[in-house]
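**Student:** Residue numbers (the working numbering): 28 to 394.
Keep in mind the hints are simulated off the structure, nothing from the lab. Small disclaimer: the values here were computed from a predicted structure and weren't measured. The C-beta atom is built at its ideal place from N, Cα and C for all residues, glycine as well. Please note that a few of the clues may not be correct.
As the list claims (entries may be wrong) - Cβ pair distances, simulated, as ranges: (1) Met119 - Lys209: 38 to 44 Å; (2) Ile211 - Gly315: 21 to 27 Å; (3) Gly315 - Ile83: 24 to 30 Å; (4) Val217 - Ala118: 24 to 30 Å; (5) Val169 - Asn323: 24 to 30 Å; (6) Met82 - Val225: 37 to 43 Å; (7) Leu86 - Ile108: 22 to 28 Å; (8) Met135 - Phe70: 22 to 28 Å; (9) Ser227 - Gly270: 44 to 50 Å; (10) Arg79 - Trp164: 43 to 49 Å; (11) Val224 - Ile115: 36 to 42 Å; (12) Arg158 - Arg79: 41 to 47 Å; (13) Arg124 - Gly315: 35 to 41 Å.
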Amino acid sequence: MNKRSPWQILQPYVQVFDGPLMLIVCLILALGTVTLYSAGIDFPGRVEDHVRNIMISFLVMWIAAMIPPQTLMRFAVPLYILGISLLIGVAMFGLIRNGARRWINVGMIIQPSEIMKIAMPMMLAWFFQKREGMTRWREFLVAGLLLVVPVGLIMRQPDLGTSLLVMAAGFYVIFFAGLSWKVIVAAVTVMLASLPVVWSMMHDYQRGRVLTLIDPTTDPLGKGFHIIQSTIAIGSGGITGKGWLNGTQAHLEFIPERTTDFIFAVFSEEFGLIGNGILLVLYLLLIGRSMLIAANAPTLFSRLLAGAITMIFFTYAFVNMGMVSGILPVVGVPLPFVSYGGTAFVTLGLGVGILMSIQRHRKLMQS
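Start from the sequences and build out the full structure, keeping to the hints where you can.
**Tutor:** Dropping the structure here:
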């Protein structure tokens, strides 16, 4: 009896990963870890925690890649119901921190809104899969209601950033399912017309973020401080950057939240326009590879889910870079695979794992 080599033993477990997608994610993670080391040099244990989060996300990614898309589809409804139930629980007896009620203690403290970032597109992809070939305006109306409920509960917490991400994730599924451009234009028109009403319903801190975006110099030491300092850091990086560990805005503590939401400012200051270009190319490759997986997916459920996850990656990166650069309001969205944070890493790892599952099982069906 021939003895199997260590590679032969590990091969079935390693092959669940999609090579090109894994390479792109690892390159982004490498840049993120280098940047976090510099940004978090004054935070003992931050890098170690970051590496731990990466390992947990890889574990989640591996588990998700092992699960067939058909099994994922069976989890869609229970996961959505669980997420809604937890959001209702947060509204009733959630924990309050910094004026926001976003967490709940279920033996451990969790943020249920994070569950909806994946549960929402899974639910809508399941919904349209069950109605494949008979999509009418009624189906889109029901899908809109399924989306509005969790978004409304999350906005009530209040958590504008997460509610926008969940709304975007659900909208992408509805759009890919065949939503008419006429409906989109009409919806945008209604939204623009209702802006005065939305403005009156916004919290004071949310209004402050919008006003600060328009002119951050009106409160340079208060609400405008974040944007002013981050744009200074980005501009001072120039073409080649100041060099790793040499960012003055970061190390003199002018950039707030420099290991999380504003880590892109640290990266820009130290690696400059060239570094930004490399990071943007990596994100484009990530989106391109993910979209290719979505386009080749064998079922409507997997195509819609993969397409939505791909656009979630785009939304994370676009919104984060936009808010740090001062072209979008500050809404607390991390830079994918770069910003420090455990929950975001788990969500992103799960998303990549689902994409790998779709790609892997497509190949198995063809072989």
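**Student:** Does each hint fit the structure? Answer for all of them.
**Tutor:** Okay, the hints, checked on the actual structure:
The given range of 38 to 44 Å is respected by Met119 and Lys209, whose C-beta atoms sit roughly 40 Å from each other. For Ile211 and Gly315, the Cβ-Cβ distance of about 24 Å falls inside the hinted range of 21 to 27 Å, so the restraint holds. Taking 24 to 30 Å as the suggested C-beta distance range, the pair Gly315 and Ile83 conforms, at roughly 27 Å. For the hinted restraint 24 to 30 Å between Val217 and Ala118, the CB-CB distance of approximately 26 Å keeps it satisfied.
Between Val169 and Asn323, the C-beta spacing of about 28 Å keeps the proposed range 24 to 30 Å intact. Hint check: Met82 to Val225, Cβ distance near 41 Å, so the stated range 37 to 43 Å holds. Range check, Leu86 to Ile108: about 25 Å between beta-carbon atoms, so the 22 to 28 Å window is met. Taking the beta carbon of each, Met135 and Phe70 are about 23 Å apart, inside 22 to 28 Å as hinted.
Range check, Ser227 to Gly270: Cβ separation about 48 Å, and the 44 to 50 Å hint holds. Range check, Arg79 to Trp164: Cβ separation about 48 Å, and the 43 to 49 Å hint holds. Restraint check, Val224 to Ile115: a C-beta distance of roughly 25 Å breaks the suggested window 36 to 42 Å. Evaluation of the 41 to 47 Å hint for Arg158 and Arg79 yields a pass: the beta carbon distance comes to about 42 Å.
Remark: the range hint 35 to 41 Å for Arg124 to Gly315 is upheld by a beta-carbon distance near 38 Å.
Of the numbered hints listed earlier, the single one contradicted by the structure is hint 11.
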